[in-house]
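Q: Heads up: the protein sequence lines correspond to chains A and B, in order.
When the letters of the first sequence are read in order and numbered with my numbering, they come out as residues 1 to 377.
When the letters of the second sequence are read in order and numbered with my numbering, they come out as residues 378 to 672.
Don't read these hints as lab results, they were simulated from the structure.
Some hints could be false.
[What the hints assert, rightly or not] To give an idea of the interface, some chain A residues facing chain B are shown, with a C-beta separation under 7 Å as derived from the structure:
1) L18
2) A19
3) T259
4) A266
5) G276
6) A280
7) F283
8) A284
9) I364
10) R366
11) L373
[What the hints assert, rightly or not] Beta-carbon label-pair distances, calculated as ranges:
12) B:A512 x A:E20: 51 to 61 Å
13) B:I624 x A:E205: 34 to 44 Å
14) B:D644 x A:G339: 33 to 43 Å
15) A:D16 x B:A449: 52 to 62 Å
16) A:S132 x B:L629: 37 to 47 Å
Here a beta-carbon is modelled for each residue, glycine too, at the ideal position from N, C-alpha and C.
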Amino acid sequence: MTATTDTLQLRREVRDFLAEERARGTVLGRPDSWLTGWDPQFSRRLAGRGWVGMALPPEYGGGGLGFAARVVVIEELLAAGAPVSAHWVADRQIGPSVLAHGTEEQKQRFLPAIAAGRCYFSIGMSEQEAGSDLANVRTRAERVPGGWRLTGTKKWTGGAHVNDYAIVLARTSEHEDRHQGLSQFIVDLRAPGVRTEPIRLISGEHTFNWFHLDGVEVPDGMLLGQEGDGWKQVTGELAFERSGPERYLSTFPLLVSLTRELRRGAATPDQQARLGALLARVFAVRQLSLGVADALDAGRPADVRAALVKDLGTRLEGDIVHEVRRILPVTADTGATPGSYPHHLAYALLHSPGYTLRGGANEILRGIITRGLEQQS
Amino acid sequence: MTTALATHVTALRAAGRLAEPGPFAETVLGHLALALPRAPLTVALADGLTLAYARPAVTGVGPAGTSGEDAALRVSGALPRVPYGATATVLVLAEGPGGPVLFPLDPARTTVVPGTNLAGEPRDTLHLHDYAVAADDVHPLSPAELAEAGLRAALARAALIAGAAERCVELTVRHTATRTQFGRPLSRFQAVKQEEARLIEESALVGAAVDAAARELSLVSVAAAKAQASASVAEIARIAHQLHGAIGFTELGDVRLATTRLWSWRDEDGDESSWAARLGREALAADDVWALLAV
């Protein structure tokens, strides 16, 4: 992507906004803030600036801008470690998905609320027996008069205890080909029969849940897209989910923290070179990621390149943690002052196993990459 | 200018991919130097010359006359490992007594010690003993032009690396798809797929960084592109050879044409440590490390 006057201006505006928020004490520069930084007030202020649902059409309250503009905003927010997790899923994938597959009624109901930063979604895909092998979902949706009854248990459902809705992948019919007969539903997380139980991260933080659906009744109007098209719809979202800045910037705030510490004294040539090597890699992964955003904007397929960005970027997120520790040794400490270098290091480290797992385990994605290239050649 | 640069970089990637045998990159660079807004240069060097481009510091550049008023120079020192230095017309960029200068060099008036890099490309060391440069041949450069020449040289080398990396991918994907062991193509083995994906990724990473630097030439973009290109060489060459098996380790295989170049090019025009250190220093001097990367 070549920076245009518009995107430069937008970038400056977001930086000014973040400076105000830092002064307010809401942006702490924490790593992985898109996973754990839940702040509805922040989400609403961001939406007030027009920076949530940016790619949605204006008639549904969106900004009518391309993905490239959204990427500018997201990059700035993640690099700064801003608390964006409340509206994260709604903004990233539910908005585009409802726009692509939803009924007019669903668009009217959800899109303006998403763009206003007031409607928060969880993703109910993974289950006990359906991790990387997502087609193995066991949650069932049975026909009842006027709708569906959903029964099953989702796992790792982020924010299900605080969000408004979840998008749930469930089996609506049996077929020899497991990829058929799956459908997506929008489930009200306050509906009777919904129950969540925390699954704590190794850091002790609560963001994931068991998400039980005990015969939850979902009206017909909350089926998203066509019955039986769930697999196609879900995989269509993956390029958005896998190639964005959150696949390489999750630990960038730790690099910011490190440079702040290094500036206090005289950095050695070795420290300079090691820092520079990490920045060179961030630069390069960013360029690849921007290339995918351009492809998505132009409506070109980007599955393979998205998988590639995700593998490279998330490995880099982990590498940053370990290399930063070598550049400026410090004892990682969750008890240290929030916002301090040892505090950031501790959380970046405790979150590190997740980087290469979420959004599809990297080992599985590499299969997509080699298959893609063989087909081209 | 940026568009012309992007076109040159595309051509250089192709040259790197084809292991083109000749001073193509150096010639392109020479012409880029000519494209600098310095009218006399376009006159000083005729078209059709094969140009190499040498920027190493020489040990002594002094005025030819005792007064120092004449622009003529006398130069002593060594230009180490100049690409095709014995056969090409060499353009020298150096710090002169009154600032940076550029002048053409006649190899016949130097002492040439021939050499090659790991790929067999000529890398000749030229020794200058009180070498006289006529005033008409001395072209003053601004410090910015001298700095930009260094960036262009590094970017050109990174583009060659990107091309040779693509070649490694091409050859490796072809080999693993056609070579059968235990009754199936190598590419059907999970362990092979994992390595192959990493090779593809690392090559794509280098290409993306090089393209970005070609679009927006700056110290940061070039430092990042060359640091990453050089840093990726080890992994790219390792996987390409590992998946090629014994044939790639011998002259029977073609992958060596790419990998030996990669191993040489990563050191030429600045290795990964020196460019990374420059980038690191920039980052520590800046207010906002993110703003440095995302302009």
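Q: Each hint: holds or not?
A: Hint check:
| no. | hint | in the structure |
| --- | --- | --- |
| 1 | L18 | violated, 10 Å |
| 2 | A19 | violated, 10 Å |
| 3 | T259 | holds, 5 Å |
| 4 | A266 | violated, 9 Å |
| 5 | G276 | holds, 3 Å |
| 6 | A280 | holds, 4 Å |
| 7 | F283 | holds, 4 Å |
| 8 | A284 | holds, 4 Å |
| 9 | I364 | violated, 10 Å |
| 10 | R366 | holds, 3 Å |
| 11 | L373 | holds, 6 Å |
| 12 | B:A512 x A:E20: 51 to 61 Å | holds, 60 Å |
| 13 | B:I624 x A:E205: 34 to 44 Å | violated, 52 Å |
| 14 | B:D644 x A:G339: 33 to 43 Å | holds, 41 Å |
| 15 | A:D16 x B:A449: 52 to 62 Å | holds, 55 Å |
| 16 | A:S132 x B:L629: 37 to 47 Å | holds, 40 Å |
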